[in-house]
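**Q** Protein chains in written order, with the working numbering: chain A, 11 to 316; chain B, 11 to 316.
Since copy identity is lost for identical chains, a pair holds within one copy or between any two.
Here are the simulated SDA-like cross-link-like pairs (lysine to any residue), alpha carbons at most 25 angstroms apart as the crow flies: (1) Lys198 x Leu98; (2) Lys93 x Gly189; (3) Lys117 x Leu150; (4) Lys93 x Asp181; (5) Lys198 x Ser95; (6) Lys304 x Glu221; (7) Lys12 x Ser261; (8) Lys198 x Pro232; (9) Lys93 x Gln186; (10) Lys198 x Glu235; (11) Lys304 x Glu263; (12) Lys304 x His194; (13) Lys198 x Phe237; (14) Lys12 x Ala312; (15) Lys304 x Pro232; (16) Lys304 x Arg212; (17) Lys198 x Leu233; (18) Lys93 x Asp190; (19) Lys91 x Asp60; (20) Lys198 x Ser302; (21) Lys198 x Asp97; (22) Lys198 x Arg212.
No lab work stands behind these hints, which were simulated from the structure alone.
Protein chains: 2
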Amino acid sequence: MKLLVVGSVALDSIITPFGTADDALGGSAVYFSVAASLLTGVRIVGVVGDDYPMADLKAIGARGVDISGIEQARGESFRWKGKYSFDLASRETLETRLGVFADFKPKIPAAFADTPYVFLGNIHPDLQLGVLDQMRSPRLVACDTMNFWIDSARDRFLEVLKRVDLLVVNDEEIRQLSGDWNVHRAAKWVLDRGPRRVIVKRGEHGALLVEQGRSFFCPAYPLEEVFDPTGAGDAFAGGFLGYIARTGDTSSEGLRRAMVYGSAMGSFAVSAFSVGGFDGVTPASLTQRVRSFKDLTHFELAEAVA
Amino acid sequence: MKLLVVGSVALDSIITPFGTADDALGGSAVYFSVAASLLTGVRIVGVVGDDYPMADLKAIGARGVDISGIEQARGESFRWKGKYSFDLASRETLETRLGVFADFKPKIPAAFADTPYVFLGNIHPDLQLGVLDQMRSPRLVACDTMNFWIDSARDRFLEVLKRVDLLVVNDEEIRQLSGDWNVHRAAKWVLDRGPRRVIVKRGEHGALLVEQGRSFFCPAYPLEEVFDPTGAGDAFAGGFLGYIARTGDTSSEGLRRAMVYGSAMGSFAVSAFSVGGFDGVTPASLTQRVRSFKDLTHFELAEAVA
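Okay, chain A solo, but in the shape it has when bound:
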């Protein structure tokens, strides 16, 4: 088990133009884990209430996710309810009930402390720092955040940035964090504050990896049917870090491959409610999806114009 994720384990109620889901398995750590588990063993640390459907959680465990770090606390589980627009381009949050997640203080089990690859999901920066304090020299740490923490705990998040190798956020978040609307300049701003690499997730448009002096762009898979966009970004992060944990390759070339695995996982995530999009995915279908990105993006230069 080489990969650890700390984050939300939730129950999502979702309304899309194509149907509704009630209290379905969700949360960033769940999407991340299910995607990553197709590539490597994953340890998950989170909290659920005493109302959580533990059988569904155990089904996640059966995929190769160690769920022993999920604490069950007295009270209600974290619930999110949202509604998507007709074209899935925007969504409205109808309800957020933090429940036991409001008092979440991640405790890393002793057996998890030496996990080499760590993903700090979108939790309070102080909690992210607390997780790092509990880890024994991980090989690579990546983190996420959200507008709420950038607003309310900006200084603490800048402390987190100093201690992570990689930031994974969406375009709105990096704009808010850097105060710059140009995502390429915004990414450079981040590189000056700690992380050696930054990934900007751009939803249906794809994802951008920025390193010092080099960028890589991977488009989203061209899907004619998108069922539910929830969790696509978390599944992307799971596929990305799952591939890195599997191969141990943190080179620039390795990260590019990892971006493609992340994009493939994002494309599976949006094909059904909750984590249902991963149900039929096999190593062979994953490999096929990853290969199809090559056909989508590669070209050969012939004649030089010069």
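Given chain A, work out where chain B should sit, using these hints.
**A** Relative to chain A, chain B alone:
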């Protein structure tokens, strides 16, 4: 001279957060021609008023554009005035004065009738059909359109579609045309109505080429400085068709390369007002820009997961 463009020749007044331009050379046919002229000889057919700065037009001619098909009519030139938002993500039209462009009836000079590659810019579909009637079996015809014609002359534009090989539009236009918000399904809809290929321009996100059973995506060049987005899409089309006219290669692989030349031209166009972004471009710098797209998008697959 293997490439012909018919479209608007205008005077643009533009306000961006970085400065303003008044009555600067603009119009889709101008951006198209200047970009394409870096790759091949271009013939341009359009109309200007008696107030047009003919010296500037002649400077375009000096780049390898045959401007003898630009008619100078009595009256005012086509003028457009627009203002961009602080992040250049949206723009507001402040004024449109069609002038002599309102009565434009493209007359293809006899010497231009055998041009093998043709781009029908954004004009009334009946005028696009009229141009086609004046051409002698061109090898490849591409066309553009806009929301106004999709609304007001939809049936006529569907007639145009039956007679062109390639449609080049932006994402809003293809959604409006097909009535489908999913651009991949929308592109298939177009392929069922005549063109063998369709290109969806997505601004800062890049451009998508869709053929039967195959798609290619080219991201926009990662620019940290964008000065004026006006004309980027027309420069893209000019680079794309300029490359095809230069090489004569209309294979799937050739079109992919052409997409990259188009994207490179788009990146030059946005770096200055009017066509100033092309001033310093040499064959060597163009080749370098094109090559950099490979580093931006390519990856090598290592281990298969299966």
